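Q: First to last, the protein sequences are chains A and B.
Counting from 1, one number per residue, gives the positions in the first sequence under our numbering.
Counting from 1001, one number per residue, gives the positions in the second sequence under our numbering.
Wrong hints could be hidden among the right ones.
[Said to hold, decoys possible] Taking lysine-lysine pairs in the DSSO-like style, the calculated list, with each CA pair at most 30 Å apart, reads:
id, chain 1, residue 1, chain 2, residue 2
1, A, K84, B, K1042
2, B, K1112, A, K26
3, B, K1110, A, K7
4, B, K1098, B, K1115
5, A, K84, B, K1110
6, A, K80, B, K1115
7, B, K1115, B, K1042
8, B, K1112, B, K1042
9, A, K80, B, K1006
10, B, K1006, A, K84
11, B, K1098, B, K1042
12, B, K1115, A, K7
13, A, K84, B, K1098
14, B, K1112, B, K1098
15, B, K1098, B, K1110
16, B, K1110, B, K1006
17, A, K26, A, K84
[Stated by the list, open to error] Under 10 Å between C-beta atoms, here's a sample of chain B residues computed to sit facing chain A:
id, residue
18, N1002
19, T1004
20, K1006
21, M1010
22, L1014
23, G1016
24, T1017
25, T1045
26, G1047
27, T1080
28, A1084
29, A1092
30, S1095
31, R1102
[To be verified] What follows is a list of derived Cβ distance ranges for each label pair:
id, chain 1, residue 1, chain 2, residue 2, range
32, B, S1109, A, D3, 49 to 57 Å
33, A, R92, B, L1015, 43 to 51 Å
34, A, F81, B, S1109, 17 to 25 Å
Since the hints were made in silico from the structure, they are not lab data.
In this text, all values refer to a predicted model and were calculated from it rather than measured experimentally.
Glycine included, each C-beta is placed from N, C-alpha and C at the ideal position.
Chain residues, written in single-letter form:
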Amino acid sequence: MFDLILKIALIAISLATLCLVYRLVKGPSMQDRIIALDTIGINLIAIVALTSIVLDTYAFLEAILLLGILAFIGTIAFAKFLEKGEIIERERDL
Amino acid sequence: MNETFKIVSMILILLGTFLILVATFGILRLPDVYTRNHAASKSTTLGIMFILLGTFLYFYYEHGHFNSRVLLAVFFILLTSPVAGHLLSRSAYYSGVKMWDRSVEDDLSKEKEEKD
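Work out the full structure, taking the sequences as your base and the hints as a guide.
A: So, in structure tokens, the structure goes:
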């Protein structure tokens, strides 16, 4: 029963990621693509969690936190770049 | 007690998968950036929190292993994912991405004109 549910969940999340790739390719504005990438990162976290249940090991659970942090930093950097044109601003010279 | 944990963990994983599917459907179907961002940031956050809680419960009942990093990841995603959604929406608005042509109200337009 539990194995069946894990397989269903893995297949469904893989299909969701595939659909997000469509939005990533087509998306009319740049922000659409970044939303799709952010969601793909979160789906990747779910896939890692479910795979570590399937393999019955807790060696990969650190990767979950790492992927979360990296997806957040990447999204923030892209949003700031699209709004202001630069990510790390220069010092103010008076 | 083990069986209870198992059933709860199964239900949590199924719910999380359902919510992630709903978010994907919203991202594919909704008409403009803001509504897509609305679908993505909320339901994906709740879905991934459910899946991670299910994972946590699984390792707790199967191995007796209390993995605090998963709980930390749940908390971190709860804090950061809406912030990322907000910043993306804001950058879309100020870089001039058009709203859906059937939306009726734009409260931020005055502020945007002052900023330009």
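Q: Now tell me if each hint is right for this structure.
A: Hints and how they fare:
For the hint pairing A/K84 with B/K1042, the CA-to-CA distance comes to about 26 Å; that is within 30 Å, so the pair holds. Proposed proximity of B/K1112 and A/K26 is supported: the alpha carbons are some 28 Å apart, at most 30 Å. Annotation: proposed proximity of B/K1110 to A/K7 is violated, straight-line Cα distance about 51 Å (limit 30 Å). At most 30 Å may separate the alpha-carbon atoms for a hinted pair to count; B/K1098 and B/K1115 meet this at roughly 17 Å.
For the hint linking A/K84 to B/K1110, the alpha-carbon distance of about 19 Å falls within 30 Å, and the restraint holds. With a C-alpha separation of about 16 Å, the suggested pair A/K80 and B/K1115 falls inside the 30 Å cut-off, and the hint holds. Of the supplied pair hints, the one linking B/K1115 and B/K1042 holds, its CA atoms being roughly 29 Å apart against a limit of 30 Å. For the given pair, B/K1112 sits about 26 Å from B/K1042 by alpha-carbon distance, which is consistent with the 30 Å threshold.
For the proposed pair A/K80 and B/K1006, the alpha carbon gap of about 43 Å is over 30 Å, so the pair is violated. Taking the CA atoms of B/K1006 and A/K84, the gap is near 49 Å; set against the 30 Å cutoff, the hint is violated. Restraint check for B/K1098 and B/K1042: satisfied, since their Cα atoms lie roughly 22 Å apart, inside the 30 Å limit. Taking the CA atoms of B/K1115 and A/K7, the gap is near 51 Å; set against the 30 Å cutoff, the hint is violated.
A threshold of 30 Å between alpha carbons decides the hint, and for A/K84 with B/K1098 the separation of about 18 Å falls inside it, so the pair holds. Between the alpha carbons of B/K1112 and B/K1098 the distance comes to roughly 13 Å, so the proposed pair stays at or under 30 Å and holds. A C-alpha spacing of about 16 Å is found between B/K1098 and B/K1110, which places the hinted pair at or below 30 Å, so the restraint holds. At roughly 54 Å between alpha-carbon atoms, B/K1110 and B/K1006 are farther apart than 30 Å, so this suggested pair is violated.
A C-alpha spacing of about 24 Å is found between A/K26 and A/K84, which places the hinted pair at or below 30 Å, so the restraint holds. Evaluation of the B/N1002 hint against chain A yields a violated restraint, the C-beta minimum of about 12 Å exceeding 10 Å. About 14 Å separates the beta-carbon of B/T1004 from the nearest beta-carbon of chain A, more than 10 Å, and the hint is not met. Taking 10 Å as the C-beta cut-off, the interface hint given for B/K1006 holds, the closest approach to chain A being about 7 Å.
Taken as an interface hint, B/M1010 checks out: its beta carbon lies about 5 Å from the nearest beta carbon of chain A, inside 10 Å. Restraint check, B/L1014 versus chain A: the minimum CB separation of about 6 Å is within 10 Å; hint holds. Taken as an interface hint, B/G1016 checks out: its beta carbon lies about 7 Å from the nearest beta carbon of chain A, inside 10 Å. At a threshold of 10 Å, the smallest CB-CB gap from B/T1017 to chain A is about 4 Å, leaving the interface hint in force.
Taking 10 Å as the C-beta contact cut-off toward chain A, the hint placing B/T1045 at the interface holds, the least distance being around 8 Å. A cut of 10 Å between beta carbons decides the hint on B/G1047: the least distance to chain A is about 7 Å, and the hint holds. About 4 Å separates the beta-carbon of B/T1080 from the nearest beta-carbon of chain A, less than 10 Å, and the hint is met. This hint holds: B/A1084 has a C-beta 4 Å from the nearest C-beta of chain A, less than the 10 Å allowed.
The interface hint given for B/A1092 is met, as the beta carbon of that residue sits about 4 Å from the closest beta carbon of chain A, less than 10 Å. The closest approach between the C-beta of B/S1095 and any C-beta of chain A is roughly 6 Å, which is under the 10 Å cut-off, so the hint is satisfied. The interface hint given for B/R1102 is broken, as the beta carbon of that residue sits about 16 Å from the closest beta carbon of chain A, more than 10 Å. Here the CB-CB span from B/S1109 to A/D3 is close to 54 Å, well matched to the stated 49 to 57 Å.
At roughly 49 Å, the beta-carbon separation of A/R92 and B/L1015 lies within the given 43 to 51 Å, and the hint holds. Under the hint 17 to 25 Å, the C-beta atoms of A/F81 and B/S1109, about 24 Å apart, fit the expected range.
This entry does not satisfy hints 3, 9, 10, 12, 16, 18, 19, 31, going by the numbered hints stated previously.
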